[in-house]
Amino acid sequence: MDIIQQLFPLPPIPTLQQAVFIPLALFTAVCALLVVLSPNLFHNALALVGTLFGVAGIYALLEAEFLAISQILVYVWSISTLITFAIMLSRGMMFGATSKTNKQAGTAIDGIVVIGFIGWCNFVSARSKLDVSIAVA
Amino acid sequence: MVPLSWYLVLAAFVFSCGLYGALVRRNAIAVLMGIELMLNGVNINLVAFWRYGDIIDKATQQVVRLDGQIFALFVIAVAAAEAAVGLALIISIYRNRKTVSLDQMDLLKG
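For the protein sequence lines, the chains are A and B, in the order given. Position one of the first sequence corresponds to residue 162 (this note's numbering), numbered consecutively onward. Position one of the second sequence corresponds to residue 12 (this note's numbering), numbered consecutively onward.
The set of hints was computed from the structure by calculation and includes no laboratory data. Just so you know, not all the hints are guaranteed correct.
List of simulated lysine to any residue pairs, SDA-like, C-alpha gap at most 25 Å [to be verified]: (1) B/K109 - B/A95; (2) B/K69 - B/F85; (3) B/K109 - A/I279; (4) B/K109 - A/A206; (5) B/K109 - A/G280.
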């Protein structure tokens, strides 16, 4: 029993904040993927509303309550209403033979790899307890 | 306490999704949605760095800096204005040209 626990140590028990953050971040990330990957424009708008709600939750978790309320008021109410109206007013044009995406996917993925690399560097430097102020100076 | 890097990874992911959508989609409304996603990723970064910076004055024990939140608020306001103007443009172009495809919006090409 001890050997098994030494070989496969249990992950550290998340604190309450972490236990709230992880499902919230997963929800936000999945909704953000749906916004750009789902072929149906209306599903995109619904997933965008989900992402904005998730970001509002992230603000609340960061103790920026005023921003969370502002996010829900401005984004989830106003902007989602605008986008839904624009979709319904220009409906029928994009459901056809033409493909939903253009030929710039390679360029886009290049840019995303760069952004992901920067995020990964952030993660690693924070993991290895590097002092950020030294890196900046 | 959630580590700062978790927020940064989430923000980078949301920003990347928005960048992909803004560069790749053909529909103008989908491109606008990608831009909204990018602005949200930036906002997560701003608020996370605000929260994890030294916002407490050691002497008076009061919150002294709110610049991250103010920046995020500015971004929200600008995004609202941008969405209103952009969607109005899209509707206007749709009335004139009967399309919302970015490939056919070449009125200014001469």
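What are the numbers of the hints that this structure violates, sorted from low to high?
2, 3, 5
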